[in-house]
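Got chain C; can you put chain E on it based on the hints?
Protein chains: 2
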Amino acid sequence: MSNYSIAIHGGAGTILKNVMTPEKEHAYSQALKEAIEAGEFILKNGGTAIDAVEIAVRSMEDNPLFNAGKGAVFTNLGKNEMDASIMDGNDLSAGAVAGISNIKNPISLAKAVMKKSEHVFLVGNGALDFAKEMNAQFEDDAYFFVQMRQDQLNQAKESDGMFLDHTSTDKFENGEKKFGTVGAVALDVHGNLAAATSTGGMTNKKYGRVGDSPIIGAGTYANNDTCAISCTGHGELFIRSVTAYDVSCLMEYKELSLKDACNEVVHNKLVKIGGEGGLIAIDNKGNIELSFNSDGMYRAKKSSTSELFIGIYK
Amino acid sequence: MSNYSIAIHGGAGTILKNVMTPEKEHAYSQALKEAIEAGEFILKNGGTAIDAVEIAVRSMEDNPLFNAGKGAVFTNLGKNEMDASIMDGNDLSAGAVAGISNIKNPISLAKAVMKKSEHVFLVGNGALDFAKEMNAQFEDDAYFFVQMRQDQLNQAKESDGMFLDHTSTDKFENGEKKFGTVGAVALDVHGNLAAATSTGGMTNKKYGRVGDSPIIGAGTYANNDTCAISCTGHGELFIRSVTAYDVSCLMEYKELSLKDACNEVVHNKLVKIGGEGGLIAIDNKGNIELSFNSDGMYRAKKSSTSELFIGIYK
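Quick mapping for you: the protein sequence lines, in order, are chains C and E.
When we follow our numbering, the leftmost residue of the first sequence carries the number 386, and every step to the right adds one.
When we follow our numbering, the leftmost residue of the second sequence carries the number 386, and every step to the right adds one.
Any given hint could turn out to be false.
Repeated chains share a single entry, so a pair holds when one copy, or any two copies, can fit it.
25 Å max Cα-Cα, derived SDA-like pairs, lysine to any residue [said to hold, decoys possible]:
| no. | residue 1 | residue 2 |
| --- | --- | --- |
| 1 | K418 | M533 |
| 2 | K501 | E661 |
| 3 | K644 | L462 |
| 4 | K429 | Y638 |
| 5 | K464 | E518 |
These aren't lab readings, by the way, just hints derived from the structure by calculation.
The following block holds chain C by itself, in its conformation from the complex (with noise of 0.2 Å):
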């Protein structure tokens, strides 16, 4: 086996081509390419897929236009509130944090989560002890901060709204509604599947709220006998659906395609619900679905048999 594939997201949501300027959509395709080719770089290059998935959403996680990482949105405390879980499909090796602040790539925590400590989930400042013992590496608050998230925030305050990352107002970003998440999935030439998952949560949110992005099952999940996902979304749906869980489960255990499982849950489970967003999949040879709901996704998918495609409308 000598194949790889890798696909990500940066978010779902009322995407419209009608509100979006030609250079934004540039800044957006062009931060899309960078990601995948990074993520890419590892595969061609006999690298693994947790690897790779770990590349690709760091270079998300460091551009401001991703709700993840620098850019991620504001909480109703103006503080950063970070989500991020990885897991690897060889051995259902898997890691995971929750409401951290103030570290820059909370994707290679989660890894660390996962390859170092004996946990799968760490939250709140507990995660940021675990960080500093393994020297994670720390930025300032000015480091995070964007105009446009603060902005959003005070936006966010007058009218008493949270905001997964920019819903749909009127004054809001144009009538825009954006799930800001990030995430990868990936095959490696070795077969092994992987997905990652990171997140700067919702704009002016209380209550210490976590979405589906850190909780395998829900916004993450990998097994080498079925597939790699990687969702986005209005993540309290996607917690109650056990969403990325359940395309596995579909393949599995009803012998569906990963098409038909991406189908049937994102276009009939997940909207029965009301369950807006989409998700990226991976299956054990290389298929790659990109399944939305919404208007738009940021998205993009490259293998080693086919060019590299980047979608931002429906």
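Coordinates of chain E only, in the frame set by chain C:
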């Protein structure tokens, strides 16, 4: 339909008859009887499954014998950090909290998240802010203090270990290894299933570790189309296995009976990955399963057509 069923657990692990005193055995049996009768009272009077599982879990949270609520184990910093989740199989609504302190009944806070917030999962201080707005019952540290838990923390610190309630060591609780968690599942006379799980986590835990108990799909799941599940065991393995939802998927997609689905998950899939523990399950016909791959599990079951059963050992 006028049948009802209820089952509860108070944790699984190395629970051996030869290290149990008759007094302790009696106390656990009595505590299980009280909890299940509290839940059954709701069901017998036409109440809902969601209220029944809440009440049964509250009873065990209030009892210092179990590692949940009063009697929760101490973290490395000498605090109680508790987690809980609840799910209603009728509409797949769910609520969960993690890393919370000083809340008398974490399961009721999880229920408030489900019923009175737009979220599913709240963690840490944010969850406590929500609790204050809900007028949840707080208790000071003295309420939660149980000398046995302090002794366990001291022993764990001496050996620099981290224990799931009582991990097996010669010095530690006479060789007992228990996964301290409580949970309940129920079918009400209206045909609704519900599940609830609550835990105090691991003795001497660091880093804000969160196990499977508050994770919808891992420690808790309920769906009127299939079953209600509450798990107890080595949480990291249960998260990676998405254990609770896996039982549901095996029924829905592979058309296994509840008994066969529980056997497959507990005695095959979990064993393969090294996941010690168990689960309680009820399907939408009222069948009850109490499955575990450890030496024992504190458990009880009762239905409108069957007598009370209480079990501790294999």
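Structure-based check of each hint:
{"no.": "1", "hint": "K418 x M533", "in the structure": "within (23 Å within a copy, 57 Å between copies)"}
{"no.": "2", "hint": "K501 x E661", "in the structure": "between (35 Å within a copy, 21 Å between copies)"}
{"no.": "3", "hint": "K644 x L462", "in the structure": "neither (41 Å within a copy, 48 Å between copies)"}
{"no.": "4", "hint": "K429 x Y638", "in the structure": "neither (32 Å within a copy, 36 Å between copies)"}
{"no.": "5", "hint": "K464 x E518", "in the structure": "both (23 Å within a copy, 21 Å between copies)"}
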